[in-house]
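Engineer: Sequence:
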Amino acid sequence: MPTYRSPSRNPRDLSLYGPRMKITIGHPFLTPDPPSQRAASQFTTTDALIDTGAQRTILSPEAVEKIGLFKIDETTLIRVGGKERADVYAASLQFPHSGLSTVATIAVPCCELSNPLFRCLLGRDVLSRWTFTYDGPTGTWHIKEEAGTPFIEPPEGFDPNLWGK
-5 MPTYRSPSRN PRDLSLYGPR MKITIGHPFL TPDPPSQRAA SQFTTTDALI DTGAQRTILS
55 PEAVEKIGLF KIDETTLIRV GGKERADVYA ASLQFPHSGL STVATIAVPC CELSNPLFRC
115 LLGRDVLSRW TFTYDGPTGT WHIKEEAGTP FIEPPEGFDP NLWGK
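Going by the numbering used here, 15 is the number at position 21 of the sequence shown; the sequence numbering is gapless.
There may be inaccurate statements among the hints.
Calculated cross-link-like contacts (lysine-lysine; reagent style BS3-like; alpha-carbon spacing at most 30 Å) [to be verified]: (1) Lys16 to Lys60; (2) Lys77 to Lys16; (3) Lys77 to Lys60; (4) Lys65 to Lys77; (5) Lys16 to Lys65; (6) Lys138 to Lys16.
Beta-carbon label-pair distances, calculated as ranges [stated by the list, open to error]: (7) Gly93 to Ser122: 12 to 20 Å; (8) Gly133 to Lys16: 16 to 24 Å; (9) Thr46 to Thr(-3): 25 to 33 Å; (10) Ser122 to Tyr11: 32 to 40 Å.
Keep in mind the hints are simulated off the structure, nothing from the lab. Virtual Cβ for every residue (Gly too), placed ideally from N, Cα, C.
Between the sequences and the hints, there should be enough to build the whole structure, so can you do that?
Structural biologist: As structure tokens, then:
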């Protein structure tokens, strides 16, 4: 059972900025080629904020543009302050040096994120794969993964054959 523990930081950091981890974002794994054989330019590593209040994982426009993800849909996000239209992209998520399973294919909305410290919000669509523990008094958190699945179901009514160029 892979367990990922938060990096050692000042306990005040967790209180101020929330639980963050490094992730690698790339094009979805729709072919049998292993990630090690793909071009490095198809991936970017960034900080992600673990957001238990977010239903879906969200990427910033900078991350989407840097990787060159393909738009597959549009959606309406309900956020603090109202609703917002957002484009949806096909992506993959990897969690370097964690032992956690790769999310080979996921549909992620794209919108501006309010904090420059991260380019991704990890929502409950990904968090539902894990047991996440937030320990406020010690300023730490950890993730346990019992059994992962590399695929996150796209929203109902979406045709996955549209993913790609």
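Engineer: A separate judgement is required for each hint: does it hold in the structure or not?
Structural biologist: Status of the hints after comparison with the structure:
{"no.": "1", "hint": "Lys16 to Lys60", "verdict": "holds, 16 Å"}
{"no.": "2", "hint": "Lys77 to Lys16", "verdict": "holds, 28 Å"}
{"no.": "3", "hint": "Lys77 to Lys60", "verdict": "holds, 26 Å"}
{"no.": "4", "hint": "Lys65 to Lys77", "verdict": "holds, 20 Å"}
{"no.": "5", "hint": "Lys16 to Lys65", "verdict": "holds, 24 Å"}
{"no.": "6", "hint": "Lys138 to Lys16", "verdict": "holds, 16 Å"}
{"no.": "7", "hint": "Gly93 to Ser122: 12 to 20 Å", "verdict": "holds, 18 Å"}
{"no.": "8", "hint": "Gly133 to Lys16: 16 to 24 Å", "verdict": "holds, 18 Å"}
{"no.": "9", "hint": "Thr46 to Thr(-3): 25 to 33 Å", "verdict": "violated, 18 Å"}
{"no.": "10", "hint": "Ser122 to Tyr11: 32 to 40 Å", "verdict": "violated, 23 Å"}
Violation of the numbered hints given earlier is confined to hints 9 and 10; the remaining hints are satisfied by the structure.
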